[in-house]
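Asker: This is what each chain is made of:
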Amino acid sequence: MIFKIAWRNIWRSKVRSLVVLTSIALGIWAGLLIIGFSFGMNNERTAAAIGSTLGHSQVHSSSFLEEPTSAAVLGSAAEVQAMEELLQKASFVKGVSTRAIMMGMVSAPKSARGVRMIAVDPESERVNSNLPETIVEGDFFESKTRNSVIIGQKLADKLGLGLRKKVVLTFQDADGNISRASFRITGIYKTLNATWDELNLYIKRSDLAKTIGQDLVHEIMVRYDETENTEEKTAELSAAMPEGATILSWKRNSPELGYADDMMGIMLVLVLGIIMMALLFGIINNMLMAILERRRELGMLMAVGMNKRKLFAMILVETLMLGFVAGPVGILLGDLSIRVMMGVGIDLTSKKEGLANMGIQSIIYPEIVPEYYLIVAVMVVVTALLASLYPAYKALKLNPVQAIRGE
Amino acid sequence: MSKTVIEVRDLFKVYEGAVPVKAVNGISLRITQGEFTALKGPSGCGKTTLLNMLGGLDYPTSGSILVGGKDITSLGENELIDFRLRNIGFVFQAYNLIPVLSATENVSFIMLLQNRPKEEREERARQLLQSVGLAGKEDKRPGQLSGGQQQRVAVARALASKPQFVLADEPTANLDSESTANLLDIMLKLNKEEGMTFVFATHDDRVINRARRVVAISDGKVISDTSK
Chain A
1 MIFKIAWRNI WRSKVRSLVV LTSIALGIWA GLLIIGFSFG MNNERTAAAI GSTLGHSQVH
61 SSSFLEEPTS AAVLGSAAEV QAMEELLQKA SFVKGVSTRA IMMGMVSAPK SARGVRMIAV
121 DPESERVNSN LPETIVEGDF FESKTRNSVI IGQKLADKLG LGLRKKVVLT FQDADGNISR
181 ASFRITGIYK TLNATWDELN LYIKRSDLAK TIGQDLVHEI MVRYDETENT EEKTAELSAA
241 MPEGATILSW KRNSPELGYA DDMMGIMLVL VLGIIMMALL FGIINNMLMA ILERRRELGM
301 LMAVGMNKRK LFAMILVETL MLGFVAGPVG ILLGDLSIRV MMGVGIDLTS KKEGLANMGI
361 QSIIYPEIVP EYYLIVAVMV VVTALLASLY PAYKALKLNP VQAIRGE
Chain B
1001 MSKTVIEVRD LFKVYEGAVP VKAVNGISLR ITQGEFTALK GPSGCGKTTL LNMLGGLDYP
1061 TSGSILVGGK DITSLGENEL IDFRLRNIGF VFQAYNLIPV LSATENVSFI MLLQNRPKEE
1121 REERARQLLQ SVGLAGKEDK RPGQLSGGQQ QRVAVARALA SKPQFVLADE PTANLDSEST
1181 ANLLDIMLKL NKEEGMTFVF ATHDDRVINR ARRVVAISDG KVISDTSK
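Line by line, the protein sequences give chains A and B.
Those letters in the first sequence? Residues 1 to 407, by the working numbering.
Those letters in the second sequence? Residues 1001 to 1228, by the working numbering.
Any given hint could be a false lead.
Unchecked claim - According to the in silico footprint, chain A covers these stretches of chain B (three or more CB under 8 Å from chain A):
id, region
1, 1051-1064
2, 1093-1105
What the hints assert, rightly or not - Non-contacting residues of chain A with respect to chain B, defined by C-beta distances greater than 12 Å in every case (computed):
id, residue
3, Ile2
4, Lys94
5, Ala174
6, Glu232
7, Gly273
8, Ala278
9, Leu298
10, Met302
11, Ala303
12, Met306
13, Asn307
14, Leu311
15, Gly354
16, Ser362
17, Ile375
18, Leu385
These are calculated hints, taken from the structure and not from any lab test.
Ideal Cβ placement from N, Cα and C applies to all residues, glycine included.
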């Protein structure tokens, strides 16, 4: 009967209860939308970075991690080959790509800029990365043209260059000798990260080898079957790595992305906490008003023999019921809204430039994150529990005689 | 000789303040099984304070109240709550029914607090509502009943816990003459047929005239005690 009373009490003041129920539902709805939006934004950025540049993990020589110079190679061709084979033995490794990475300079007729040159094996990149998909002009090393280079859209804009234009690349080989060669732009790429596009250009490893006379490998990019459990998988591979070679997950190779990922988790809990805090005071206010209005009734219940435990339980159940009614409505609304937005996306084109600099695309597709539904549900229950404490305390403090008289 | 239900010995209740007020000033009283007693007096004479102390809703400053031989003034707050639940029925001036419950549920609720089985609760609630003349109104909520009918539900509720006695504080104050007469008829019938002890705090002559014992109180003291 306690449940029956609680349920009917909620509807004694329909408007007031509907207001508080709506505020709880809207709070949850907003919380889930923020979660969906944040995950969508962050996961798209992370997936793009993993797909185009980072892979799930990367192997470097320990010296390269200390200072990424041309001399900090992974090892001889045979040693690199052995490492590739070793990595590919793991069931979860989908593929590997070897890369040479050098700092250098790109010179155009009117200006020059410092860049990072990534020398890749096009066949392998086609399989293991989505670099070819980022090409907006030209192609991804399809032609047999020697000394072809693919530069980012932003770098092309800065240098005032276009397709088929020539640039001079200057770099230092493993022995410290400066080499210079002329390259022709055969492709222009554009990723979600405009900063990356401005600083990185791609050439073929074979061209680099011919230019400097050395076939260097500084990095092995490793792709897993899926992004889940990246850290565990990386740790497993790490144990098998030869001395001097270090494998790090994308989170550690790109700390800003990993940091954003971790921060997002903390921020979302904080945002949910703030929403719940607002709801907490709304519910407390609602319940205090209810207690105040029902003073006579509560006094009577205490007078006829309702003990404090049962009185507390009655108020607790009533408060929890507010959460149990509004919670599922809010979660359902949030879920439906996210599902709709997953299809159409949230258009932030007006902030395109700023978002691109952060590696975020201008249309965000929210994601459903089921584990947060559970977190939200638990937070609603905890909030309702906390919200019941003060009103229940006030009720327990009532003097039955005075309460019955309405004093 | 009838069994003593309540025995009050030299009871005082003093409200401290700039000028201490003796609301109950040395009352001794014995109420036996089956009495239909009215505590009468003007407003502020101390009758409601006395009734509250008899019901374990308030503690005296000094003196003792024995209910069934047990001094309830020595009970702690939680023990008193349980004592009230099992021994005392209350009827209040403003009925104080739970508005979201039907008549049957209002009567059953107190038995729920006593952890009685559902079938027993429903059967006894039905019987009690019938005995107060509310057959057919079992599913009505208080808002759908007249003042007199609500007070009859309150009487049924007071009896539901099978108390040793019923305390009624100005039970007819909000009722018209016809409702008052009906209510008193019902309570007298329950008093006669079931031997239920009723103690009223009232200044309503309609109640006083039908009470079999009238204890007049003035300035916290018993000034007369007459039985018919």
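Asker: Confirm or reject each hint.
Answerer: These are the hints, each one checked on the structure:
no. : hint      : in the structure
1   : 1051-1064 : holds (count 4)
2   : 1093-1105 : holds (count 7)
3   : Ile2      : violated, 8 Å
4   : Lys94     : holds, 63 Å
5   : Ala174    : holds, 85 Å
6   : Glu232    : holds, 54 Å
7   : Gly273    : holds, 34 Å
8   : Ala278    : holds, 29 Å
9   : Leu298    : violated, 10 Å
10  : Met302    : violated, 7 Å
11  : Ala303    : violated, 6 Å
12  : Met306    : violated, 6 Å
13  : Asn307    : violated, 5 Å
14  : Leu311    : violated, 10 Å
15  : Gly354    : holds, 55 Å
16  : Ser362    : holds, 54 Å
17  : Ile375    : holds, 34 Å
18  : Leu385    : holds, 23 Å
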